[in-house]
Amino acid sequence: MLDGDDIRRLIPHRPPMLLVDRVSELVPRRHLVGSYTVTGSHPLPPVLLLESWGQAALVLIRHDRPMPDVLTGGVPVAGVFEEIRFGRPVWPGETVEHRVRLTRLLADTGFVEGETVIGSEVVMRVGRLVGAVRPAATLRPAALAGVSDGKEST
Amino acid sequence: MTSRTSPECATTARIELTRASDDEIVARVRPDRADPVFAGHYPGFPLLPGVHIVEYVHRAVLAAAPTVVLAELVYCRFLRAIDLDDELVIKVRRDGELCHGTVTVSDAPAAEVVLRYRNGGD
Numbered sequence: 001m002l003d004g005d006d007i008r009r010l011i012p013h014r015p016p017m018l019l020v021d022r023v024s025e026l027v028p029r030r031h032l033v034g035s036y037t038v039t040g041s042h043p044l045p046p047v048l049l050l051e052s053w054g055q056a057a058l059v060l061i062r063h064d065r066p067m068p069d070v071l072t073g074g075v076p077v078a079g080v081f082e083e084i085r086f087g088r089p090v091w092p093g094e095t096v097e098h099r100v101r102l103t104r105l106l107a108d109t110g111f112v113e114g115e116t117v118i119g120s121e122v123v124m125r126v127g128r129l130v131g132a133v134r135p136a137a138t139l140r141p142a143a144l145a146g147v148s149d150g151k152e153s154t
Numbered sequence: 155m156t157s158r159t160s161p162e163c164a165t166t167a168r169i170e171l172t173r174a175s176d177d178e179i180v181a182r183v184r185p186d187r188a189d190p191v192f193a194g195h196y197p198g199f200p201l202l203p204g205v206h207i208v209e210y211v212h213r214a215v216l217a218a219a220p221t222v223v224l225a226e227l228v229y230c231r232f233l234r235a236i237d238l239d240d241e242l243v244i245k246v247r248r249d250g251e252l253c254h255g256t257v258t259v260s261d262a263p264a265a266e267v268v269l270r271y272r273n274g275g276d
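Keeping their order, the protein sequence lines are chains A and B.
Letter by letter, the first sequence follows residues 1 to 154 of this note's numbering.
Letter by letter, the second sequence follows residues 155 to 276 of this note's numbering.
Worth flagging that the hints you see were computed from the coordinates, not collected in a lab.
It cannot be assumed that every hint is accurate.
Said to hold, decoys possible - If we take Cβ atoms under 7 Å as the criterion, some of the chain A residues that face chain B in the derived model are: (1) Asp64; (2) Pro66; (3) Met67; (4) Val70; (5) Phe81.
Computed from a predicted model, the values in this text were never measured in an experiment.
Quick reminder that beta carbons are idealized off the backbone N, C-alpha and C, glycines included.
Next up, chain B with everything else stripped away, as it sits in the complex:
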């Protein structure tokens, strides 16, 4: 029997919140090369999982609004592969329960992510 471990958190990358207001969030993040997930995604060819990009946007929202709970990934489209040395810039426009996120690398679009939240007490 093969032993296995689960990644306990989706990413070890640190999100740097650079701006947060009622209607806009801006953050920066670099993938963490030491993140153990890259040993398995993939051996000999470490590649940032697409779900990590969604997680980065989610973490940026949580940094600005810690009490919200993710209810739905409404939409996500990936536009390019991201290198582990890339810095990602995340811009989120808040519109009620929806957060419209764009992720860019060197000003080039990398992903569009729309998330829906509910309040933690709901």
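Next up, chain A with everything else stripped away, as it sits in the complex:
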């Protein structure tokens, strides 16, 4: 349904921190199924599994309002994580399937829950994630001044 190029048009994350490969199912304002295949030679750290799931959630929240560039589209920021339960390690070569359900959407703040599975095995449960989009200038105005001048300031 959505591949890597489509996903890059929707969210601002880029390699090596783009951790969603494709989306196979997306019902607007309801749920999404996305996947990511782990590369490298070590198990995926649990926090990066959560980051990957969060990026899938961002695709669900922003599919109708693309934000490929944080300087113009805003910065996605995590506010709260609750009850994120980790199962067994995820190894290189394995493909995880993220299931994301949107429970509430208030302007630019989304409330999501779900799980990550490999086949029928749950490797992570997400009780709740609250994320929002903030203007880049409110997060780091000094850095943006440098960016607008074409200088590397951070």
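Given chain A, put chain B in place with the hints provided.
What follows is chain B alone, placed relative to chain A:
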């Protein structure tokens, strides 16, 4: 087809453990500006991922208790954006299988993180 790479570790920052006892851990860390993740998070606007802050607290726990396994991120609340030049001070209160972490920058609260662990042999 676009080639891609995965970050093999969550962070390249070095955690400096300054105190560790049965009930308390204190550590310091500075984000590593050379960490390749910042090329993609985000281009032209490098920003510390929130999950890195969780990882810093986790690494501080592991430095003091290397055999435990992360079972749950019970709760985490981010209170402010962190600059890549900031030094983060991590204080963890250990309470059985739970670790209650607070992260501060210049004495200002930046995050609260509660982690639950199980023993590696379980």
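Status of the hints after comparison with the structure:
1. Asp64: violated, 21 Å
2. Pro66: violated, 14 Å
3. Met67: violated, 10 Å
4. Val70: It holds, given that the least Cβ distance between valine 70 of chain A and chain B is near 5 Å, below 7 Å.
5. Phe81: At 4 Å from the nearest chain B Cβ, phenylalanine 81 of chain A passes the 7 Å test, so the hint holds.
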